[in-house]
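Undergrad: Take a look at the letters that make up each chain.
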Amino acid sequence: MRMEEYLTKVTEQIRCQKARELVVDELKDHILEQAEAYETEGMEESEALEQAVRQMGDPVETGVSLDRVHRPKMSWSMLGLTAVISLLSLAVHAALIGSGEASRMGLYYFRNDVTFTLLGYALMLLVYRMDYSILSRYARWMAAGMLLLLVLGSHFLGVEVHGMVRYIRVGLFTMSISTLMYLYVPVFGGILYQYRGEGYRALGKIFLWAAAPVLMAFKMPSLNLAIILCWTFTGMFCIAVWKGWYQIHKKRDLVILGVGILALPALLWMLLSTGQWAPYQIDRVRAFLSGNPDYDYYGQVSREFLSGSRLLGQGTGNALQLSERLPGYNMDYILVSLISLYGVLAGALALLLLAFLFMKIFKISVRQKNQLGLVTGCGCGILFFIQLVLCLGVTFSLCPSTSVTLPFFSYGGSATVVSYMLLGLVLSIYRHKDILPEKPAKKVMEIAP
Amino acid sequence: MAVDRTLVSGSLAMMILRLLTEKDMYGYEMIDTLRKRSENVFELKAGSLYPLLHNLEEKYFVTSYEQEAAGKMRKYYHITKDGKKHLDKKKEEWQQYSKAVASVLALEAWA
Chain A
1 MRMEEYLTKV TEQIRCQKAR ELVVDELKDH ILEQAEAYET EGMEESEALE
51 QAVRQMGDPV ETGVSLDRVH RPKMSWSMLG LTAVISLLSL AVHAALIGSG
101 EASRMGLYYF RNDVTFTLLG YALMLLVYRM DYSILSRYAR WMAAGMLLLL
151 VLGSHFLGVE VHGMVRYIRV GLFTMSISTL MYLYVPVFGG ILYQYRGEGY
201 RALGKIFLWA AAPVLMAFKM PSLNLAIILC WTFTGMFCIA VWKGWYQIHK
251 KRDLVILGVG ILALPALLWM LLSTGQWAPY QIDRVRAFLS GNPDYDYYGQ
301 VSREFLSGSR LLGQGTGNAL QLSERLPGYN MDYILVSLIS LYGVLAGALA
351 LLLLAFLFMK IFKISVRQKN QLGLVTGCGC GILFFIQLVL CLGVTFSLCP
401 STSVTLPFFS YGGSATVVSY MLLGLVLSIY RHKDILPEKP AKKVMEIAP
Chain B
1 MAVDRTLVSG SLAMMILRLL TEKDMYGYEM IDTLRKRSEN VFELKAGSLY
51 PLLHNLEEKY FVTSYEQEAA GKMRKYYHIT KDGKKHLDKK KEEWQQYSKA
101 VASVLALEAW A
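Protein sequences, first through last, are from chains A and B. Read in this note's numbering, the first sequence has 176 at position 176, and its numbers run on one by one without any break. Read in this note's numbering, the second sequence has 101 at position 101, and its numbers run on one by one without any break.
Quick caveat, the hints were computed from the structure, so don't treat them as lab data. For glycine and all other residues, C-beta sits at the position ideal for the given N, C-alpha and C.
One-sided and incomplete, this derived list gives chain B residues near chain A with beta-carbon spacing under 8 Å:
| id | residue |
| --- | --- |
| 1 | 27 |
| 2 | 28 |
| 3 | 45 |
| 4 | 46 |
| 5 | 47 |
| 6 | 48 |
| 7 | 50 |
| 8 | 51 |
| 9 | 54 |
| 10 | 58 |
| 11 | 60 |
| 12 | 74 |
| 13 | 75 |
Please work from the sequences and hints to get the whole structure.
TA: What follows is the structure in structure tokens.
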């Protein structure tokens with residue numbers, strides 16, 4: 001049997017086309033190396049090659065075993081965990097329907113929540129089926145398109161609330177701009193990947209690609225969205241640098257970046273003293289730092305509900321009171337509602353499940369061989385994690401009250417759908433873990449001493 | 001020497017992991033080393049090595065990376081922490097098993 005014949009027979013057994021590439025080179029290298037060894041032992045060239053192929057054994061048997069490894073996979077444990085979280089979330093929203101006149105609104109919210117969750121699952125499975133490596137080819141186009149659509153969308157189709165354009169309305173659909181911007185995170189992973197193998201000049205371009213959406217968020221104005229995006233992009237960039245994607249001085253530059261992040265509060269302070277802050281922003285920070293409860297209605301009410309809660313079961317506050325007294329009872333303060341309706345343990349369970357889910361995202365991503373999948377998956381994980389931390393901060397009055405989302409729990413069409421889509425991306429990364437070949441960067445990686 | 005295949009396949013993963021605890025290796029190097037170490041008892045077919053390696057990689061017992069050596073790009077395998085743990089477990093199982101087999105065989109000798 002000739003070598004080509006052997007390799008064809010092996011790859012024919014592997015059903016997944018993309019995975020074939022992964023296998024052929026390695027087997028071919030082995031045969032050639034073996035043949036070389038036989039030649040040095042004194043065999044003739046053609047005889048050595050034939051003997052080396054014979055040494056490989058039955059190609060069909062090998063191919064079938066390889067097929068078993070290299071095929072699309074589903075992370076059932078992650079899907080199961082997600083299903084449990086979705087059910088718990090729906091249970092909370094069902095309990096929040098309330099009674100009497102208020103229940104009409106409650107029923108409306110609940111119906112929407114069910115619809116959004118179902119839509120989220122459909123899109124999650126759709127994204128899961130997709131090959132995420134398109135990001136490595138079209139990320140810059142996608143990013144530019146997204147930014148352009150968001151700018152045009154908020155200009156022409158924007159819905160103004162309290163003087164701020166926070167939503168875009170297209171026909172029947174109203175989408176939250178800030179949530180749509182979360183979809184920029186995986187695209188940014190693709191951008192980081194596209195500049196792989198380049199040096200300091202590429203870092204400047206990467207900075208611009210990151211700065212554009214952050215600046216847009218800042219101008220909305222949504223300081224917390226700007227912060228969330230900024231942290232997520234920084235985290236993804238650090239991982240990419242750490243993995244040696246760029247021809248730069250890895251350790252030194254990471255240290256500089258770290259110092260820069262630590263110096264950020266100082267920069268904000270500088271902007272404050274030079275009059276760059278709006279008066280209302282200064283007032284908000286002052287009010288928070290003063291610790292005076294009169295300045296913080298939300299915090300005060302949420303603390304009241306929390307202190308009236310029981311370890312297990314409904315505390316002093318019921319669904320009606322929550323909906324009447326606590327604005328954002330099913331969004332920003334969903335955790336307060338969950339704890340007052342079902343008890344502290346239920347709240348802890350929800351947080352634990354989310355923590356498990358996010359850990360799983362990181363585990364899947366870090367174990368990725370495909371570098372694009374690694375950084376993009378980690379980006380989704382970081383984004384979810386920051387949202388969780390900010391939500392905890394607001395729930396327990398540890399940071400100034402601002403609009404936050406508890407992923408998979410807070411009410412909100414765009415937030416629900418986008419969260420499930422990002423999860424679908426992580427599932428897609430897992431699906432392709434033994435399929436997508438990882439090509440080394442075009443330029444040779446040599447980190448300057 | 002041709003050894004019964006079922007006897008080899010179960011322990012092959014263990015031997016590969018053991019080899020990798022010494023240093024990172026590429027496929028041919030593993031086959032070659034095994035052949036020499038076992039004094040040609042393990043004349044295993046190279047074709048069965050790669051499904052095994054890829055299977056170990058899927059389970060995250062080993063990771064792989066490409067590196068240039070002597071002008072050739074080679075795919076090296078590296079054992080992970082999980083892989084070392086798995087090896088310890090398998091080794092213990094193996095030792096228990098082989099001890100049991102040996103003692104039964106010894107009984108036979110006395111009979």
